[in-house]
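Order-wise, the sequence lines are chains A and B. The first sequence finishes on residue 563 if you use our numbering, and the numbering steps up by one all the way, no holes. The second sequence finishes on residue 407 if you use our numbering, and the numbering steps up by one all the way, no holes.
Any given hint could be a false lead.
[Unchecked claim] Taking lysine-lysine and the DSSO-like style, the derived pairs with C-alpha atoms no more than 27 Å apart in a straight line are:
hint	chain 1	residue 1	chain 2	residue 2
1	A	K109	A	K486
2	A	K331	A	K311
3	A	K109	A	K311
4	B	K154	A	K152
5	A	K184	B	K405
6	B	K104	B	K312
[To be verified] Short, incomplete list of chain B residues facing chain A, as computed with Cβ under 7 Å:
hint	residue
7	A146
8	R149
9	D158
10	D159
11	D184
12	I249
13	I252
14	L254
15	Q258
16	S265
17	Y267
18	G268
19	V353
The set of hints was computed from the structure by calculation and includes no laboratory data. The beta-carbon is built from N, C-alpha and C at its ideal position, and this holds for glycine as well.
Chain by chain, the residues:
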Amino acid sequence: MKWALIQSTVVTIVMVLGVISPQPIGAQTPIYGGHFRRHLSSDPANLDPAQTNTVRAVSVKMNIFDSLFRLDPKALDIEPGVAESWSLSEDNRTITFRLRRGVKFHNGREMTADDVKYSIQRILTPETASPFLRTFDRIAGAQEYVARKASDVSGIRVLDRYRLAVTSAVAASTFPLSFTQLFIVPREEAERLGREFGQRPIGSGPFIFVSWHRDDTILLRANPDYWEGRPYVSALEFRVIPDPATAQAEFDTGRQDYMLLGDVTYRRYADDPAWKPYVIEVPELFTRHIGLNVTKPPLDDVRVRQAINHAIDKATLVRTVLQGKALVATGVFPPSHQAYTRTVKGYDYNPGRARELLAQAGLASGLDLELHGSTSPVIGRWLEGFQHYLTDVGVRARIVQQDFGVMLDRAGRNEIPTWVLSHGGGPNCVDYLGPFRSRNFGPAGNRMRYKNERVDALLDEAERTLNLRRQVGLCQEAERLVVADAPWFFFNYNKAVLVHQPNIIGLIGNPVEMDYQPMHKVWIRPRR
Amino acid sequence: MISGISAYVIKRLLLAVPVFVGVTLVTFVLMHIVPGDPVALLMEEKVATIDPAAARLIRAKWGLDDPLPLQYLKFLRNALQGDLGFSYRTDQSVLRSILDRVPATAKLAAAALAIAVLIGVPLGIVAALRQNSLFDSASIMVATIGVSMPNFWLGILLIYLLAVQWRWLPPSGYGPVIPYMIMPAVTLGTGLSAVIARLTRSAMLEVIRQDYIRTARAKGVAQGRIIAVHALRNAAIPIVTVVGVQLSGLLSGAVITERVFSWPGIGRLLVDSIGVRDLPMAQGCILFIATAFIALNLIVDLSYLWLDPRIKYR
Chain A
36 MKWALIQSTV VTIVMVLGVI SPQPIGAQTP IYGGHFRRHL SSDPANLDPA
86 QTNTVRAVSV KMNIFDSLFR LDPKALDIEP GVAESWSLSE DNRTITFRLR
136 RGVKFHNGRE MTADDVKYSI QRILTPETAS PFLRTFDRIA GAQEYVARKA
186 SDVSGIRVLD RYRLAVTSAV AASTFPLSFT QLFIVPREEA ERLGREFGQR
236 PIGSGPFIFV SWHRDDTILL RANPDYWEGR PYVSALEFRV IPDPATAQAE
286 FDTGRQDYML LGDVTYRRYA DDPAWKPYVI EVPELFTRHI GLNVTKPPLD
336 DVRVRQAINH AIDKATLVRT VLQGKALVAT GVFPPSHQAY TRTVKGYDYN
386 PGRARELLAQ AGLASGLDLE LHGSTSPVIG RWLEGFQHYL TDVGVRARIV
436 QQDFGVMLDR AGRNEIPTWV LSHGGGPNCV DYLGPFRSRN FGPAGNRMRY
486 KNERVDALLD EAERTLNLRR QVGLCQEAER LVVADAPWFF FNYNKAVLVH
536 QPNIIGLIGN PVEMDYQPMH KVWIRPRR
Chain B
94 MISGISAYVI KRLLLAVPVF VGVTLVTFVL MHIVPGDPVA LLMEEKVATI
144 DPAAARLIRA KWGLDDPLPL QYLKFLRNAL QGDLGFSYRT DQSVLRSILD
194 RVPATAKLAA AALAIAVLIG VPLGIVAALR QNSLFDSASI MVATIGVSMP
244 NFWLGILLIY LLAVQWRWLP PSGYGPVIPY MIMPAVTLGT GLSAVIARLT
294 RSAMLEVIRQ DYIRTARAKG VAQGRIIAVH ALRNAAIPIV TVVGVQLSGL
344 LSGAVITERV FSWPGIGRLL VDSIGVRDLP MAQGCILFIA TAFIALNLIV
394 DLSYLWLDPR IKYR
């Protein structure tokens, strides 16, 4: 069955509440030129595609490198990148890619299928110690290559200069999606620069790396030979601005072309008629929650976990503490996810029902509970809100704020009963439900130590299913079970919001990550 | 034959060796006691799950599987050869990362100290000469306000007024010296100038009551010369000591000011590396800071010889 056919069967249940908000300015002829300035909250660790998967790094790297596939932010589905077409074998295990001709790296050399193979093998090389290992170690022969039992990955075959076949060891629905994360690197440059490649990257993307002053600025310039056409802006500058108040001052003085809005600043721009037309918002693919450790009494009792879900008035907290910059969570999947369904209703605010459930669990006299969160002031405000509502039903909650890394580590080691986190699992529903699979106990994601054999079986089946409609159905069934078992307190889905200068055209609302902007399609209208 | 001063300097440098070992050992132990796995922190950023196989490879690459004493000894051996290793987070040379940030840190420290001294010393002298006057009381009040103002608050206030409201200066960044450095230097220098003013006032008050000052006045020496040549030089030792300590502090980074003004200095580098348990980078930064402290303390001690020729080092 051809992958294209599978695509055609896709029922986009979506969902997206304004994935691409209309631009306030009507269609105009784009203008070339201008210096686009945006900011990052901290310096990316590294710009080597094999080394970092952080949002900050990817939002820079995606402008320097090309991937085989891209993720369409509207449909959350695969669209062509440097692979102009592809097909899937009868057994659903082999993808054959056909590369575009004439795609050139920034050093002038044409990209070939050998570069794609090298880029995958580079990630799988043990010395690279890539965090993307899992993404590609399902390729046939990859495990042997990683274990140094083979000098080549047998599942990657270069058919000719522009064609490449990659075979997965198992049929997995998430396999094609992996190639949206594969940035292609030129072998000779990666080998010549070695460790320095991450500091002076060379790719084939719409922008060419110029300079990087650590903790200060990253400067890129437009690639005039880009296969999709020269970008409109002539330069792209990323400034590292760690303090949100300073970033706002930079935006207000016109020195930044857009900025992401937080809870505190959201209303100021969204309610201001002067700025409102330039505010873009979208529900992100993130679910904020309290993880509930199901091995720690009394949280091992499902009624206690359900009581916590009923006890907290999410709608009021979202309206007040979060200033409306979120949507109340009803389950695991946010509204912009293709597996979201309105039929999962979640838990309503019902303190009477919460008390009833606690009484049934033998806790009519109440209970003590530690609420763990990071030291962020935002999290502090959430915790205080949770504490207020929990006290009302007899849960004596004690707030424990600590360094994020410490909290994560302790949660992974099964040391703490609760923790506040934001979970982002990407567009594939099986990946999104990863933290509920018993194979991912501990630091691998399932810190709740939640195990439901039916959920495991459903997700195993969903992983093998290539029919997207069926896969989504299986994920939704698993989600219903998870919601009923309540290993999380399902809090809210963040709305990602940005505000841009009035003369900037082409920015979109991307539910995967608002900072992932198609910069080669953005242009700057000269100020009058 | 080594002269007295040379012997003293050599002795001080030799004493620095156990300080370096102690500082690195304490940092190493603390970084391992504090919970938080650097591998998990590297990988966990809005990703669903951490891949145990990838985590194993990363741990092996960083040498985290070795016993702790062996890890420390390896660090010491490499550090003695001038190799501070590679950052876990950036995969970049630690030494290079630190050296890249030294100019920004040094410029900001020098500018802040210049502001502090240029404001603090004259203010302290005048307050001492007009003890118990309105000016004296006002200077005490200004100094108290200066010390009490948190840097982040003053920084944000300056940005709001000078950059957002009046558009006189850029809000933040590390660009051409004058426009970009004014606000961070003033933010840092204000608090320090208050400390220096108070110290100068008390030191001057002590000196101007001495007999030799009275004698100079009786002999008709001009007031300016009495202050500059006779009084200030004798009052300088405590001032220089404090300025030296404060300069050491500034070179170790002014984290809050650097963050508010997006200044790429050592302070941010250190705090960020501790946040992600980037041990090699944190060790490197702390070694740099220790070196700055030791060097500046030595310079301050040697400056006493010039300020007061009666002092002798053996």
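Here's how the hints hold up against the structure:
1. Annotation: proposed proximity of A/K109 to A/K486 is violated, straight-line Cα distance about 34 Å (limit 27 Å).
2. Restraint check: the Cα-Cα separation between A/K331 and A/K311 comes to about 47 Å, which exceeds 27 Å; the hinted pair is violated.
3. For the hint pairing A/K109 with A/K311, the CA-to-CA distance comes to about 22 Å; that is within 27 Å, so the pair holds.
4. Under the criterion of a C-alpha separation no larger than 27 Å, the hint pairing B/K154 with A/K152 is consistent with the structure, at around 23 Å.
5. At most 27 Å may separate the alpha-carbon atoms for a hinted pair to count; A/K184 and B/K405 exceed this at roughly 70 Å.
6. Simply put, B/K104 and B/K312 have alpha-carbon atoms about 44 Å apart, too far for the 27 Å limit, and the pair is violated.
7. Using the Cβ-Cβ criterion of 7 Å, the hint placing B/A146 at the interface with chain A is satisfied: the shortest such distance is roughly 6 Å.
8. Given hint, B/R149 at the interface with chain A, is violated; its Cβ is 9 Å from that chain's nearest Cβ, farther than 7 Å.
9. Taking 7 Å as the C-beta cut-off, the interface hint given for B/D158 is violated, the closest approach to chain A being about 12 Å.
10. The interface hint given for B/D159 is broken, as the beta carbon of that residue sits about 16 Å from the closest beta carbon of chain A, more than 7 Å.
11. With 7 Å as the threshold, the beta carbon of B/D184 comes within range of chain A, its nearest partner Cβ sitting at about 5 Å, so the hint holds.
12. The interface hint given for B/I249 is met, as the beta carbon of that residue sits about 6 Å from the closest beta carbon of chain A, less than 7 Å.
13. The criterion of a C-beta within 7 Å of any C-beta in chain A is met by B/I252, whose closest approach is roughly 5 Å, and the hint holds.
14. A least Cβ separation of about 11 Å between B/L254 and chain A goes past the 7 Å threshold, and the interface hint is therefore violated.
15. For B/Q258, the suggested interface contact is broken, since its CB lies about 10 Å from the closest CB of chain A, more than 7 Å.
16. Given the 7 Å rule on beta carbons, the hint for B/S265 holds: about 5 Å separates it from the nearest Cβ of chain A.
17. A distance limit of 7 Å between C-beta atoms decides the matter here; for B/Y267 the minimum to chain A is near 5 Å, and the interface restraint holds.
18. The interface hint given for B/G268 is broken, as the beta carbon of that residue sits about 9 Å from the closest beta carbon of chain A, more than 7 Å.
19. Hint status for B/V353: holds, given a least beta-carbon distance of 5 Å to chain A, under 7 Å.
Checked against the numbered hints given earlier, this structure breaks hints 1, 2, 5, 6, 8, 9, 10, 14, 15 and 18; the rest are met.
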